[in-house]
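Novice: Sequence:
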Amino acid sequence: MNRAIVHMDLDTFFVSCERLKNTELEKLPVIIGGGDRGLVASCSYEARYFGVRSAMSIKMALRLCPEAKVIKGDMEYYSNISHLVTEVIRDQAVPNCPYLSGSHIAQVCFRTLQKSISQTYENSIDWGKVHRFGRRLSSDESF
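For what it's worth, the UniProt record's numbering labels the leading residue of the sequence shown as 1, then goes sequentially.
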């Protein structure tokens, strides 16, 4: 039996979750982390534009992007959303992507799942780029 492995990178996932709760955060620089001495767990693309990165101190991040909205992370909420996204993947992948091989088929499967998840969550989920490693991992070349 052939199989395809599809890596789905939900880029800026914590920020996407917060934007699901509060649409006023759309298009704003957002930093997920805690306290003056805490670290950036995630940040929006708008904050990244100013040089903010994950694992950076909150203090440094705010020097780079003082207008950023800092939100303390809610890991329980993020976990719940992650489980819901996983359910969509499970429900869509099995019937729509039946153990086909090759990177092209894996890409079609990925795009189908991406569309379904984006529709379910009203396009509030940001997607990471598909890298060559991911394409190779999702094809027969890696087996």
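Hints listed in this document are in silico derivations from the structure and should not be mistaken for laboratory results.
Source: prediction; values computed, not measured.
The beta carbon of each residue, even a glycine, is placed where N, CA and C say it ideally should be.
Be careful, since some hints might not be right.
Listed below are the simulated DSS-like cross-link pairs for lysine-lysine, each with C-alpha atoms no more than 30 Å apart in a straight line [unchecked claim]:
| id | residue 1 | residue 2 |
| --- | --- | --- |
| 1 | Lys115 | Lys59 |
| 2 | Lys27 | Lys59 |
| 3 | Lys27 | Lys72 |
| 4 | Lys115 | Lys21 |
| 5 | Lys69 | Lys115 |
| 6 | Lys27 | Lys69 |
| 7 | Lys59 | Lys72 |
| 8 | Lys59 | Lys69 |
| 9 | Lys115 | Lys27 |
| 10 | Lys21 | Lys59 |
| 11 | Lys21 | Lys69 |
Simulated restraints, written as ranges between beta carbons of each label pair [as the list claims (entries may be wrong)]:
| id | residue 1 | residue 2 | range |
| --- | --- | --- | --- |
| 12 | Arg63 | Leu84 | 31 to 41 Å |
| 13 | Glu67 | Gly38 | 17 to 27 Å |
| 14 | Tyr77 | Leu39 | 16 to 26 Å |
| 15 | Leu64 | Asn22 | 34 to 44 Å |
Novice: Quickly compare the C-alpha distance for lysine 115 and lysine 59 to 30 Å and report which way the hint goes.
Specialist: Violated, because 37 Å separates the two Cα atoms, which is more than 30 Å.
Novice: Is the straight-line distance between the alpha-carbon of lysine 21 and that of lysine 59 30 Å or less?
Specialist: Judged against 30 Å, a Cα distance of about 25 Å means the pair holds.
Novice: Within 30 Å, alpha carbon to alpha carbon, are lysine 59 and lysine 69?
Specialist: holds, 13 Å
Novice: Against the 30 Å threshold, does the CA-CA distance of lysine 21 and lysine 69 hold or violate the hint?
Specialist: holds, 14 Å
Novice: Has the hinted range 34 to 44 Å been met by the Cβ atoms of leucine 64 and asparagine 22?
Specialist: Since the Cβ atoms of leucine 64 and asparagine 22 sit about 23 Å apart, the hinted range of 34 to 44 Å is violated.
Novice: Does the alpha-carbon distance linking lysine 27 and lysine 59 stay inside the 30 Å limit?
Specialist: holds, 22 Å
Novice: Verify the proposed pairing of lysine 115 with lysine 21, using a straight-line Cα cut of 30 Å.
Specialist: This hinted pair holds, its Cα atoms lying about 21 Å apart.
Novice: Are lysine 59 and lysine 72 close enough, with their CA atoms no more than 30 Å apart?
Specialist: holds, 14 Å
Novice: Verify the proposed pairing of lysine 27 with lysine 72, using a straight-line Cα cut of 30 Å.
Specialist: holds, 19 Å
Novice: Given the hint of 17 to 27 Å, check if glutamate 67 and glycine 38 actually sit that far apart at their C-beta atoms.
Specialist: Holds - the Cβ-Cβ distance for glutamate 67 and glycine 38, about 19 Å, lies within 17 to 27 Å.
Novice: Need the status of pair lysine 69, lysine 115: alpha-carbon distance at most 30 Å?
Specialist: This hinted pair holds, its Cα atoms lying about 29 Å apart.
Novice: Given the hint of 16 to 26 Å, check if tyrosine 77 and leucine 39 actually sit that far apart at their C-beta atoms.
Specialist: Holds - the Cβ-Cβ distance for tyrosine 77 and leucine 39, about 19 Å, lies within 16 to 26 Å.
Hint violations for this structure: numbers 1 and 15, all remaining hints satisfied.
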